[in-house]
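> Spelled out, the chains give:
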Amino acid sequence: MVYLLMLAAGAGAVAVVLVLRLWMVLRTQDVSSRQSVSLLVVAGSGGHTTEILRLLEYLSSAYSPRHYVIADTDKMSTNKINGFELYQAERKPSNRATEYYIHRIPRSREVRQSWLSAVFTTLRSMLVSFPLTFRLKPDVVLCNGPGTCVPICLSALLLGILGIKKVIIVYVESICRVETLSMSGKILFHLSDYFIVQWPTLKEKYPKSVYLGRIV
Amino acid sequence: MKSVFVTVGTTSFDDLIACVSSHDCLQIIESLGYSRLILQIGRGTVAPEPFRTESFALDVYRYKDSVKEDLRKADLVISHAGAGTCLECLEKGKPLVVVVNEQLMNNHQLELAKQLHKEGHLFYCTCSTLPGLLQSMDLSTLKCYPPGQPEKFSAFLDKVVGLQK
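If you read the sequences in order, they're chains X and W.
Numbering of the first sequence is given in this note's numbering, commencing with residue 1 and proceeding in unit increments.
Numbering of the second sequence is given in this note's numbering, commencing with residue 1 and proceeding in unit increments.
The set of hints was computed from the structure by calculation and includes no laboratory data.
Being a predicted model, the structure only gives us computed values, none of them experimental.
A virtual CB, placed ideally from N, CA and C, is assigned to each residue, including glycine.
Among these hints, one or two may not hold up.
Each computed DSS-like pair below joins lysine-lysine, with the alpha-carbon atoms no more than 27 Å apart [as the list claims (entries may be wrong)]: (1) X/Lys203 x W/Lys118; (2) W/Lys2 x W/Lys64; (3) W/Lys68 x X/Lys186; (4) W/Lys152 x X/Lys203; (5) W/Lys68 x W/Lys152; (6) X/Lys137 x X/Lys203; (7) W/Lys152 x W/Lys114; (8) X/Lys92 x W/Lys118; (9) W/Lys73 x X/Lys75; (10) W/Lys118 x X/Lys205; (11) W/Lys92 x W/Lys118; (12) W/Lys152 x X/Lys75; (13) X/Lys186 x W/Lys118; (14) X/Lys75 x W/Lys64; (15) X/Lys186 x W/Lys159.
Quick list of simulated restraints, FRET-style, between CB atoms [unchecked claim]: (16) W/Glu151 x X/Ala15: 39 to 45 Å; (17) W/Gln103 x X/Arg21: 42 to 48 Å; (18) X/Val17 x W/His117: 46 to 52 Å; (19) W/Glu69 x X/Val17: 55 to 61 Å; (20) W/Lys152 x X/Arg21: 48 to 54 Å; (21) W/Val160 x X/Arg124: 43 to 49 Å; (22) X/Ser114 x W/Tyr63: 38 to 44 Å; (23) X/Leu7 x W/Val160: 50 to 56 Å; (24) W/Val160 x X/Arg21: 17 to 23 Å; (25) W/Arg72 x X/Ser94: 25 to 31 Å.
Calculated Cβ distances over 10 Å to all of chain X for the following chain W residues [claimed, not checked]: (26) Ser55; (27) Ala81; (28) Gln115; (29) Pro150.
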């Protein structure tokens, strides 16, 4: 009984420390000036990929390397990303020196998959996402809401909690979302450093979000 | 030669493909002066047989690396409510009919289609109302769509990551 109590107290203490660490990580605003930014982009699939590539179009060549993460069941994104990078290199000579890589992880949630089984597939994704995020140690994670982005953002947070690196998490809610947040958005609203919405209705509902107008 | 391009995106939208390739719908499309219909059907199970007659051609494919070319050539686009296709069409100034997939979980795509419809940028319907809409719509009533401003996003990001100019 005493052991159980001690175990519970120990677990409680660890939980408190983790929550405190999480709070500290989320409050840290890392604005140390830098020359280049290593970017991890969660492209997800389908429309999410198209949308996030539009966001990247105007980023300067200082955002290098760019690591793209896509779902392993995604067939179209690789071509879209390669096409985009090729176009960028042709458009601006300074982009030619920048590097990009594409990484695949298991998809967290297929369309029509139930939320309960999504919890398990997300955990499975974590097993791949964390080692990947740990290896890349990006400065910024940028995502716009495919299920795949949740395990990546959690991994990035974990890097901060463990004191390995403070990763800036920027979440851009998809232009699809006019009145309600996506499931990923609801999860990451409190866990991201900057949460951007693209319609005034959402800004009104979530005053803490950032509204820059329509950016895609 | 005017053409209609139907696209379902990455997944599938069997109801739309079945509806648009039905005899009645094909006749409506032909009567509106279109002589070619191209269907991008994704991983759908409804796969109509392509055909070619003197006055009309039906082409069917699952995926292409980029549907841009088909979008560019089309005179009318009928699409699922995917943001990518919607925005691409509107930016190219293509008349667009968005068909909402009522079977998708939460059906959040409705939000965007509804909003863009409210602002007068596109027509919007379900599979069952598509034939009626095709017959009654007036493409000249559509409003043009101003481009988004990704440069505002890059300026914001530069600032928050502390990137030196």
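> Does each hint hold? Answer for all of them.
Here's how the hints hold up against the structure:
no.: 1; hint: X/Lys203 x W/Lys118; in the structure: 19 Å, holds
no.: 2; hint: W/Lys2 x W/Lys64; in the structure: 21 Å, holds
no.: 3; hint: W/Lys68 x X/Lys186; in the structure: 33 Å, violated
no.: 4; hint: W/Lys152 x X/Lys203; in the structure: 17 Å, holds
no.: 5; hint: W/Lys68 x W/Lys152; in the structure: 25 Å, holds
no.: 6; hint: X/Lys137 x X/Lys203; in the structure: 31 Å, violated
no.: 7; hint: W/Lys152 x W/Lys114; in the structure: 25 Å, holds
no.: 8; hint: X/Lys92 x W/Lys118; in the structure: 38 Å, violated
no.: 9; hint: W/Lys73 x X/Lys75; in the structure: 24 Å, holds
no.: 10; hint: W/Lys118 x X/Lys205; in the structure: 20 Å, holds
no.: 11; hint: W/Lys92 x W/Lys118; in the structure: 19 Å, holds
no.: 12; hint: W/Lys152 x X/Lys75; in the structure: 30 Å, violated
no.: 13; hint: X/Lys186 x W/Lys118; in the structure: 26 Å, holds
no.: 14; hint: X/Lys75 x W/Lys64; in the structure: 10 Å, holds
no.: 15; hint: X/Lys186 x W/Lys159; in the structure: 25 Å, holds
no.: 16; hint: W/Glu151 x X/Ala15: 39 to 45 Å; in the structure: 44 Å, holds
no.: 17; hint: W/Gln103 x X/Arg21: 42 to 48 Å; in the structure: 43 Å, holds
no.: 18; hint: X/Val17 x W/His117: 46 to 52 Å; in the structure: 51 Å, holds
no.: 19; hint: W/Glu69 x X/Val17: 55 to 61 Å; in the structure: 56 Å, holds
no.: 20; hint: W/Lys152 x X/Arg21: 48 to 54 Å; in the structure: 33 Å, violated
no.: 21; hint: W/Val160 x X/Arg124: 43 to 49 Å; in the structure: 32 Å, violated
no.: 22; hint: X/Ser114 x W/Tyr63: 38 to 44 Å; in the structure: 27 Å, violated
no.: 23; hint: X/Leu7 x W/Val160: 50 to 56 Å; in the structure: 42 Å, violated
no.: 24; hint: W/Val160 x X/Arg21: 17 to 23 Å; in the structure: 22 Å, holds
no.: 25; hint: W/Arg72 x X/Ser94: 25 to 31 Å; in the structure: 29 Å, holds
no.: 26; hint: Ser55; in the structure: 34 Å, holds
no.: 27; hint: Ala81; in the structure: 8 Å, violated
no.: 28; hint: Gln115; in the structure: 5 Å, violated
no.: 29; hint: Pro150; in the structure: 5 Å, violated
Violated hints, in rising order: 3, 6, 8, 12, 20, 21, 22, 23, 27, 28, 29; the structure is consistent with all others.
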